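Enquirer: Below are the chains, spelled out letter by letter.
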Amino acid sequence: MSLDRIIRGSLLGYVLVALGFVFVPIVISFIFSFNEGRFPVLPIENFSTVWYEAIWNEAPVPRAFRFSIIVGLSVAAISTFIGFATAYTDFRYRFFGKNVYLALALLPPTIPVLILGLVMLMFLGRVSLVGELHSVIFAHVVYCTPFAMALIRLRLSQMDPDLERAAWNLGANNWRGMLFVILPFTMPSIFAALFLTAAVSFDEFMIAFFVGGVNETLPVRVLNMMQGQVSPRINAVGSVVFAVSITLVILAQVFLLTRRGTGRLKAPV
Amino acid sequence: MAVAETEGVTASAGRNASRPDGYALFWGLPLALWQGIFFLAPLAFLVVMTFWTVESFRLEPAFETVNWVRMWSKGYVVDTYLRTLGYGVLAAVVCSVLAFPAAYALAFKVSPATRRLGVFLLITPFFTSYVVRVYSWQAVISDNGIVNTVFAFLGFGPVEMLNTLFGTVVGYMTLCLPLVILLQLFSLANVDRSLIEAAHNLGCGRIRTIFLVIIPSAKVGLILAATFTFILCFGDFVSPVSLGGSKPPTLSILIVDTVKQGNHWPRAAVVAVTMVATLIVVAFTALYFAYGHGRAKR
Numbered sequence: 001m002s003l004d005r006i007i008r009g010s011l012l013g014y015v016l017v018a019l020g021f022v023f024v025p026i027v028i029s030f031i032f033s034f035n036e037g038r039f040p041v042l043p044i045e046n047f048s049t050v051w052y053e054a055i056w057n058e059a060p061v062p063r064a065f066r067f068s069i070i071v072g073l074s075v076a077a078i079s080t081f082i083g084f085a086t087a088y089t090d091f092r093y094r095f096f097g098k099n100v101y102l103a104l105a106l107l108p109p110t111i112p113v114l115i116l117g118l119v120m121l122m123f124l125g126r127v128s129l130v131g132e133l134h135s136v137i138f139a140h141v142v143y144c145t146p147f148a149m150a151l152i153r154l155r156l157s158q159m160d161p162d163l164e165r166a167a168w169n170l171g172a173n174n175w176r177g178m179l180f181v182i183l184p185f186t187m188p189s190i191f192a193a194l195f196l197t198a199a200v201s202f203d204e205f206m207i208a209f210f211v212g213g214v215n216e217t218l219p220v221r222v223l224n225m226m227q228g229q230v231s232p233r234i235n236a237v238g239s240v241v242f243a244v245s246i247t248l249v250i251l252a253q254v255f256l257l258t259r260r261g262t263g264r265l266k267a268p269v
Numbered sequence: 001m002a003v004a005e006t007e008g009v010t011a012s013a014g015r016n017a018s019r020p021d022g023y024a025l026f027w028g029l030p031l032a033l034w035q036g037i038f039f040l041a042p043l044a045f046l047v048v049m050t051f052w053t054v055e056s057f058r059l060e061p062a063f064e065t066v067n068w069v070r071m072w073s074k075g076y077v078v079d080t081y082l083r084t085l086g087y088g089v090l091a092a093v094v095c096s097v098l099a100f101p102a103a104y105a106l107a108f109k110v111s112p113a114t115r116r117l118g119v120f121l122l123i124t125p126f127f128t129s130y131v132v133r134v135y136s137w138q139a140v141i142s143d144n145g146i147v148n149t150v151f152a153f154l155g156f157g158p159v160e161m162l163n164t165l166f167g168t169v170v171g172y173m174t175l176c177l178p179l180v181i182l183l184q185l186f187s188l189a190n191v192d193r194s195l196i197e198a199a200h201n202l203g204c205g206r207i208r209t210i211f212l213v214i215i216p217s218a219k220v221g222l223i224l225a226a227t228f229t230f231i232l233c234f235g236d237f238v239s240p241v242s243l244g245g246s247k248p249p250t251l252s253i254l255i256v257d258t259v260k261q262g263n264h265w266p267r268a269a270v271v272a273v274t275m276v277a278t279l280i281v282v283a284f285t286a287l288y289f290a291y292g293h294g295r296a297k298r
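Protein chains in written order, with our numbering: chain A, 1 to 269; chain B, 1 to 298.
Okay, chain A solo, but in the shape it has when bound (with noise of 0.2 Å):
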């Protein structure tokens, strides 16, 4: 008995040091960017906000800040709408090539953002779309359309079929049925998909660094910043960067593991 439980102390002690190793980069990142001192190296000096001050006032800092959101907020609307479209589509039809079709929407993120972000940038070029906010936007829905599909028809296999043909045979159309049928119940899902999208466009840099050219995002900002020489300002950049992006993951996930609606549709009034 004694046994079992060291094994099972020491297990847990496991997972709590695999924890400590994803979670060490954030924390250390947080902690130096208040530390007063230039490099980050123990022990740590005077508490201070100076490098969140420095990057405000430094220009590239707060435009690359406005660029991300502008980027994420049109992707993650861009992407759940097609990653919504994809998902019902292949929830309702069945046709010839769906297999490709399906292929198409779920493997852009297994090809190296890197090679992502060479080919958009050479093929774009040619048609003189690149170096531009909306480029960044065009490549980043190629790669987050497939988290949003994933999340919403995850969503929809829950939902019994029947439900919209009963609405079918109750009168309603093929635009109705969705309206009040499947749209009520993906919601959740389509919320989770738009934070997650956010997110995963937010933090995305390689694609952008190739296709933004000089419109920095903040990610490829913090990129180009590592090319310099060591500066603390990388980690208040790095701060924000993680606060946004945890809040949106955060967010994400509520929207998914709320029970909220589940099986319950509200009719139509």
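If you are wondering where the hints come from, they were derived from the structure by calculation, not from laboratory data. Just so it is clear, the structure is predicted and the values come from calculations on it, not from any experiment. Since no wrong hints were added, every one of them can be taken at face value.
Quick list of the computed label-pair ranges, beta carbon to beta carbon:
1) B/F211 to A/P60: 50 to 60 Å
2) A/R94 to B/S73: 47 to 57 Å
3) A/E45 to B/G205: 46 to 56 Å
4) B/G75 to A/F96: 44 to 54 Å
5) B/V97 to A/K98: 29 to 39 Å
6) A/K98 to B/F211: 38 to 48 Å
7) B/V97 to A/Q227: 27 to 37 Å
8) A/L129 to B/F211: 48 to 58 Å
9) B/V97 to A/F95: 40 to 50 Å
10) A/L170 to B/V93: 48 to 58 Å
11) A/S48 to B/L85: 39 to 49 Å
12) A/N99 to B/F156: 49 to 59 Å
13) A/Q227 to B/N144: 14 to 24 Å
14) A/Q229 to B/S73: 32 to 42 Å
Where a beta carbon is used, it is the ideal one built from N, C-alpha and C, also for glycine.
Starting from the known structure of chain A, fit chain B onto it as the hints suggest.
Expert: For chain B alone, kept in the frame of chain A given last:
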């Protein structure tokens, strides 16, 4: 395109099931159009470009195999390819081994509430700023970084970790460990508990149970997790550069260098196409071992 209802039952009257209507196209087409234009077409263009030539720094459309021959006749390209393959395999093995005890503990040794908390804590960082986390590791493992400061306090070191293979692997783990623990956890959680009890009742020891019962039962998830690690690390650029010091290079570094020096896009495209082809082969091999192989044996 022939479209039919999933169950073959059409409730709305008078609709020809074999012809897509406007409603079906409205939902079906956006993905096909978007991924066709911004994903498939660029990938196809990448393949085409490998046959183009560069004349005095200008791209010339052509159909020459010269880029393929030039790249693959160079010893260092072949070496880099093999090295990158090795790094991917190393990452998959190290990550799978390091993740397993954590996934095992979360699957079998904790309450469902704790498991949900663990899943929540692991999902969050996977989607959180990989590049910033890698930068943070620099401060931790550099020669006068936090770890070496502690080592010096204890009276040894400094141990060189930044700009070594160790550093690269730390970066790979940062990228993949949460995902691998999650995938392993989901497959372990689905292992039939009665199988494990049966093994114990028949006198099978703990370790033997893990290797003879649990791992074979959770095979699909374990293989998928290792495959994802390989895919992500094989193509990663940030860790080998920022934590591995770019030397020796990986294929991703080779691509960027080829583009930077002499603007040689077609040769970079050769490397990129090779990488995508390799990933496709690895993915299908893994799927074969995960799903096909074992069933035939039984």
